[in-house]
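Novice: If you're matching them up, the sequences are chains A and B in order.
So the first sequence is residues 783 to 1126, counted in the numbering used here.
So the second sequence is residues -2 to 189, counted in the numbering used here.
Hints are computed from structural coordinates only; laboratory data are not their basis.
The structure presented is a predicted model; accordingly, all values stated were derived computationally and were not measured.
One or more hints might be untrue.
[As the list claims (entries may be wrong)] Mimicking EDC-like on lysine to aspartate or glutamate, the simulated pairs with C-alpha atoms at most 20 Å apart in a straight line are:
{"id": "1", "chain 1": "A", "residue 1": "Lys1099", "chain 2": "B", "residue 2": "Glu53"}
{"id": "2", "chain 1": "B", "residue 1": "Lys5", "chain 2": "A", "residue 2": "Asp955"}
{"id": "3", "chain 1": "A", "residue 1": "Lys1099", "chain 2": "B", "residue 2": "Glu158"}
{"id": "4", "chain 1": "B", "residue 1": "Lys5", "chain 2": "A", "residue 2": "Glu976"}
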Amino acid sequence: MAWKRLQNKQLQHNLIKRAQVLRGIRDFFDSDGFVEVMTPRMVRLAGQEPYLDPFVTNVTDAQNNSYEARLITSPEYSCKKLLAAGFEKIYDLGSCFRNREAFGGLHNLEFTMLEWYRADADYTTLMDDVDAFLTKFTQLSTSTLDVDSTSSVDCERVSMRELWRRYCDVDLDVLLERESLVRFVTERGIHFSEDDRYEDLFYRVFLKEIEPELIKPTLVYDYPAQMAALAKLKNDKYAERVELYIDGIEIANGFSELIDGEEQKKRLIEEQKLRGELGRDVFDIDEDFIDALSSMKPSAGIALGVDRLIMSLLGTKNIEDVIAFPAQYLFNNMDPGRLRDDNL
Amino acid sequence: MTIYNMAKIAEISNGRILDYRGGLYEVVEFQSISPGKGSAFCRTRMKHLETGKVLEVNFKDSDAFEVVTVQRKNMQYLYNDGSGLAFMDNKTYEQVSVPAAAVGNGVKFLKEGQEVVVVMDGERALSVSLPKKVTMKVAKAPDAVKGDSSGGNVTKDVELENGTIVKAPLFIKTGESIVVSTETGDYVERAK
Chain A
783 MAWKRLQNKQ
793 LQHNLIKRAQ
803 VLRGIRDFFD
813 SDGFVEVMTP
823 RMVRLAGQEP
833 YLDPFVTNVT
843 DAQNNSYEAR
853 LITSPEYSCK
863 KLLAAGFEKI
873 YDLGSCFRNR
883 EAFGGLHNLE
893 FTMLEWYRAD
903 ADYTTLMDDV
913 DAFLTKFTQL
923 STSTLDVDST
933 SSVDCERVSM
943 RELWRRYCDV
953 DLDVLLERES
963 LVRFVTERGI
973 HFSEDDRYED
983 LFYRVFLKEI
993 EPELIKPTLV
1003 YDYPAQMAAL
1013 AKLKNDKYAE
1023 RVELYIDGIE
1033 IANGFSELID
1043 GEEQKKRLIE
1053 EQKLRGELGR
1063 DVFDIDEDFI
1073 DALSSMKPSA
1083 GIALGVDRLI
1093 MSLLGTKNIE
1103 DVIAFPAQYL
1113 FNNMDPGRLR
1123 DDNL
Chain B
-2 MTIYNMAKIA
8 EISNGRILDY
18 RGGLYEVVEF
28 QSISPGKGSA
38 FCRTRMKHLE
48 TGKVLEVNFK
58 DSDAFEVVTV
68 QRKNMQYLYN
78 DGSGLAFMDN
88 KTYEQVSVPA
98 AAVGNGVKFL
108 KEGQEVVVVM
118 DGERALSVSL
128 PKKVTMKVAK
138 APDAVKGDSS
148 GGNVTKDVEL
158 ENGTIVKAPL
168 FIKTGESIVV
178 STETGDYVER
188 AK
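Please take these sequences and the hints and turn them into a complete structure.
Specialist: Here is the structure:
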């Protein structure tokens, strides 16, 4: 029976650590004057990210009217509406859902996301926040972050362009077009496919040559403008987007937020079109969100995968080691006798 | 008969054989990663069937490959006739000849009667996998001499029944059986 997995002492230890981390997160933000907002998990319109699959369901009211509904892949839209309404420092801690993801490894269909937002701030403030945040957790750590627990964590801050220079010996400035990137990937003998978009080619290089090198806590900033997502552009080449890596794993992704509703709508229409081309569920753009953006002060926000943070604190490589009821056991009815013997 | 199917990398599971740049590879490990807000990728480790060389490639979930449908047969090692290694299917008594290269390092731990799994593409044997550990008799083990361990030497070379030399602890004697890892070629334990 799958529940017997919960008798494992190492798992129990990890779940207790997990509870401490969750409490630590709330302490950290509450003591700094942030307001915890509980945004809805189920909405009508989820994020348009072209590569994510929100769970689709429907809602029926007492009069038997039916509405389409989706589980959020991130609380981003709701948080930004709150910012637009005048909240200045908020955080959201709770489950997010992404369908069609691997069972185990670095992914779980339902995972815990922390997002925090600040008005009157940009991504450099987020980087300061991340340092202070990680420092808070060093005491709980047993791995890479386990520096002297009295000292503070200073992530290395490095631009994406510098990383490409360091590990690929090339100036990213000349690889900001699909065509030049195709040439580069071909020269290096990296596998790619003809229908790859710029971003796919970019990640084929990044995942092979760069990501495995990002072992110490590292903040990577300034992504090519083509990969701006919901970030503000820094100039015509790069966007103010930052990601946190620890142990070669992406832990967080933040932006100086785009607050130009018109530009945001343009990007979402493109993403919606791409969703269609990729054969994904196509749904309306959240006009309420677009409308709210124009009332938003310049702000910055970041999403951090809490399960992955706990994994790095505990030095484990499998998300199932930090979740009581991972997807594998809920949906695959896995017998604990078949558990990997190398870990839990 | 060889059956080729196109399959997306995301649908391929460990143990499947795929055609990558003209070579046949067995997928040994997958890790699914979805970077940033981009498309999903699989970090894939795969082993070349003939040379045993391991490649690490990052595939996009939608990358598609020819997947070869193979059969896995339990067979027994018979002999090496110089041109290849002969194996026999215990049920049908059918024999196949496999180039030594397809067995890779494992060839050092083959002995007559050794049970193996042969990956067959139709009539053609593609590769041979040995159990992770095999038990072998020690044909020759020099006696440990007092003082051998003084220079930090805690192992000695022993010769196995098929002529292969491995490092084993000083207490192992001629005629004993030991367990050896076919992956690393290292001594594991004294056979019980």
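Novice: Compare the structure with each hint and give your call.
Specialist: Going through the hints against the structure:
1. A:Lys1099 x B:Glu53: With Cα atoms ~18 Å apart, A:Lys1099 and B:Glu53 stay inside 20 Å; holds.
2. B:Lys5 x A:Asp955: Outside the cut-off at roughly 33 Å; violated.
3. A:Lys1099 x B:Glu158: 41 Å, violated
4. B:Lys5 x A:Glu976: 15 Å, holds
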